[in-house]
Amino acid sequence: MSHTLLTRDQIAERAAQDIPDGAYVNLGIGLPTKIAKYLPADKDVFLHSENGLLAFGPPPARGEEDPELINAGKEYVTMLDGGSFFHHGDSFAMMRGGHIDICVLGAFQVAANGDLANWSTGAPDAIPAVGGAMDLAVGAKKVFVMTNHTTKTGEPKIVSELTYPVTGKHCVDRIFTDLCVIDVTMKGLVVTEIVDGMSFTELQAVTGATLIDATQA
Amino acid sequence: MSHTLLTRDQIAERAAQDIPDGAYVNLGIGLPTKIAKYLPADKDVFLHSENGLLAFGPPPARGEEDPELINAGKEYVTMLDGGSFFHHGDSFAMMRGGHIDICVLGAFQVAANGDLANWSTGAPDAIPAVGGAMDLAVGAKKVFVMTNHTTKTGEPKIVSELTYPVTGKHCVDRIFTDLCVIDVTMKGLVVTEIVDGMSFTELQAVTGATLIDATQA
Amino acid sequence: MINKADKDLKDVLSQIKDGATIMIGGFGTAGQPAELIDALIDLGIKDLVIINNNAGNGDHGLAKLLKTGAVRKIICSFPRQSDSWVFDELYHAGKIELELVPQGNLACRIQAAGMGLGAVYTSTGFGTLLAEGKETRHIDGKDYVLEYPIKADFALIKADSGDRWGNLVYRKSARNFGPIMAMAADVTIAQVSKTVALGELDPEHIITPGIFVQHVVQVQPAHSNVAAIA
Amino acid sequence: MINKADKDLKDVLSQIKDGATIMIGGFGTAGQPAELIDALIDLGIKDLVIINNNAGNGDHGLAKLLKTGAVRKIICSFPRQSDSWVFDELYHAGKIELELVPQGNLACRIQAAGMGLGAVYTSTGFGTLLAEGKETRHIDGKDYVLEYPIKADFALIKADSGDRWGNLVYRKSARNFGPIMAMAADVTIAQVSKTVALGELDPEHIITPGIFVQHVVQVQPAHSNVAAIA
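Residue numbers (my numbering), protein chains in the order written: chain C, 76 to 292; chain D, 76 to 292; chain L, 7 to 236; chain Y, 7 to 236.
The set of hints was computed from the structure by calculation and includes no laboratory data. Heads up, some of the hints might be wrong.
Said to hold, decoys possible - Estimated spans, in silico, between C-beta atoms of each pair:
id, chain 1, residue 1, chain 2, residue 2, range
1, C, Thr267, Y, Glu95, 44 to 54 Å
2, L, Lys16, D, Glu139, 32 to 42 Å
3, L, Lys16, D, Tyr113, 45 to 55 Å
4, Y, Thr201, D, Asp258, 45 to 55 Å
5, Y, Asp17, D, Phe275, 44 to 54 Å
6, Y, Thr201, D, Lys118, 18 to 28 Å
7, Y, Gly50, C, Asp200, 28 to 38 Å
8, D, Ala289, L, Glu210, 49 to 59 Å
9, D, Lys227, L, Lys101, 32 to 42 Å
10, Y, Asp53, D, Lys216, 19 to 29 Å
11, L, Lys16, C, Asp93, 25 to 35 Å
12, C, Pro134, Y, Asp89, 13 to 23 Å
As the list claims (entries may be wrong) - A few chain L residues that don't get close to chain Y, going by computed Cβ distances all over 10 Å:
id, residue
13, Asn9
14, Asp17
15, Gly34
16, Ile51
17, Thr74
18, Asp94
19, Glu95
20, His98
21, Ala99
22, Ala125
23, Ile145
Small disclaimer: the values here were computed from a predicted structure and weren't measured. Backbone N, C-alpha and C fix where the C-beta goes; we use that ideal spot for every residue, glycine too.
Pulled out of the complex, with its shape left as it was, chain C reads as follows (with noise of 0.2 Å):
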């Protein structure tokens, strides 16, 4: 069988039908902020940004910018009406204390077991940085992953095991890759949707852990 990969912003409008009317959200900096843009108009999610951020919305027009007005990524952001600002305390009170319903992140790799590794290669002379990718990791009641099934050179990202330094234990949901979906479970690693014209061999093929085939259920 031939099979298309999805685009990053294909992913991101999958991911995006998974995030509910009411919902809480944080978007990780690159790919996951994607999805703002194929969130339903006639939803309410709420997005909330590290900095101090609550309901923010697109980008301002040209000229608008305002550089105290940026999320986490350092984009210019504007406020929806009913949005409110807070500082870091209460920001990540919101994150560790579980009150935001979904984070999106990306991921360097998730293990079979739900770990994350998504903040340091382990290279020996790379300056290490984390920024919020721990606390977002652990805080929200859900963990969403977006990411390329394989990394450039075609190795694994889904691995039984993570060989790099872990972000967060036992923390991911929910995988939505460019070629599938995939459920962390208690069971193990568990298929939900694969792209048209792949098989589960196929995807399997390519997955450095052992997958469960629910696509026919």
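Here the structure of chain C is known, so what remains is to put chains D, L and Y in place on it, guided by the hints.
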């Protein structure tokens, strides 16, 4: 010799003299609240109340009472220009975090080592109640105690060791009584002032702990 | 479209069941959600654990709730007051359990729950009867007691204004425990004097962001003219 | 009469000495007290410990301070950025010590200092390299790491408006670390765009009460027209 006891107002007036310009002060419920009226108008002294007020002012005019503007003693107050409201978490952060300069408390007993008892007489059938007493005792940079020197039945309230349950250990810095002013120091209880007409020997006789005379210093 | 202000008081409270742990805001009567408490009494549920600074005054509000026998245990800092006869009688009769917590530790433990902390070392209470049996630690020259978070199934609080996303602002010293209880409960129900349109509350002035609030119920202000609304 | 706004920038900063631990507010450039940092550089002091979310960008502000060699150690969550070449070079040359702290733990440890807690159990970082060697505990089904408060001798922060008693309000996402750093430092110095009269800030809207602020310094807003003030 013969001496006159200070009135409650006179003790308050004396204690007020030791509160410097710019001090953040919590006046405990009861006797200490009397200090407010002896603070000189040319000083900015900031009164803190546990229930979320900073820089509150005198009672309102009759008919101007607001049931939502009360202090920790549940008395009606007003706000000064420059005052602020905050929640209980921040209010006790001010206390526990060492941001309050002076706290003035009542006492059942003060021990020679600065231990304070003011929350419970230990009576077996009494309903225990503590409020903010323990937080106030350990939180402020300096703790002043205002009390009669002895109980109504003439028992010493300043004692070598507490017989009542402790509120805070090693917390009292200065004691203002109707007979004297005492500094609690590493060396012991140092008497700096005695009411006119009373000798140090007479004061010692009505005190349950050894005093050091510094009234000639 | 999310509207947290679309249910009436009775509907909102009906989700509270026997055995619930409930935080109730207020310091004295300031910030006490009187109408929510009355509706809670009407529910007729029992075996409740209540968290409040006090244990009721007079015969109204929290005292009235206690009087119905609905409360198994109360966690508070100052139960004994000149007009706390309802609690006093229950306590002396052994009909209510009391966990006495210093006021600042009460606040801090509620905050710890809202912040998702496992436990905190606090200096308040060290060496006292209220820390007996508790773990202690000497840190950087000072003694601390290990205290655990206080969480709740529900928080019933009073705010001044709220919008349909649950954003709240308070009024003067009625703010007290409201903002921190809202953060520490699974479901926070706020009674407000005014429901305002989205955007009417300045994002700089919102004290409790809507993320901490599940329901907003507008009630007639307690200090309004009763004759006028009768 | 207390006037916390009566000294000029240079006078206020002159109390900072070699070896000081200094919190600096801001997330990126939002809320960064640029004028205070410039004045700190002019002081020429050394051996500083800096606490900030980042480790400087480009060649200005915090990066410029690092470049002078004044900083012995930095405590931050995200030093590595596309334009953090000043820090990168110092780090690779072994000329600066780095304590890397997850951003939420940084906030929480700063809060713990302000609140007077001895230590807190936080879930963030458990099982990671950043918790290696740290005490852990299993509480109520979840794993936590014991983390200690981060205090400072000074906090340099940026607010929008302030009054002579030190009350502050912030602007939008420039609020970030300001309010919690103000609570955690012995001496907090706030640069403001506007100094207002006592009473002009609504007591309901004050974010940082003056008790947490020792000095208020008005500076020319950074985004004002440079030509107009030249």
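Any of the earlier hints contradicted here, and which numbers? Checked against the structure, the hints that fail are numbers 4, 22 and 23, while the rest are satisfied.
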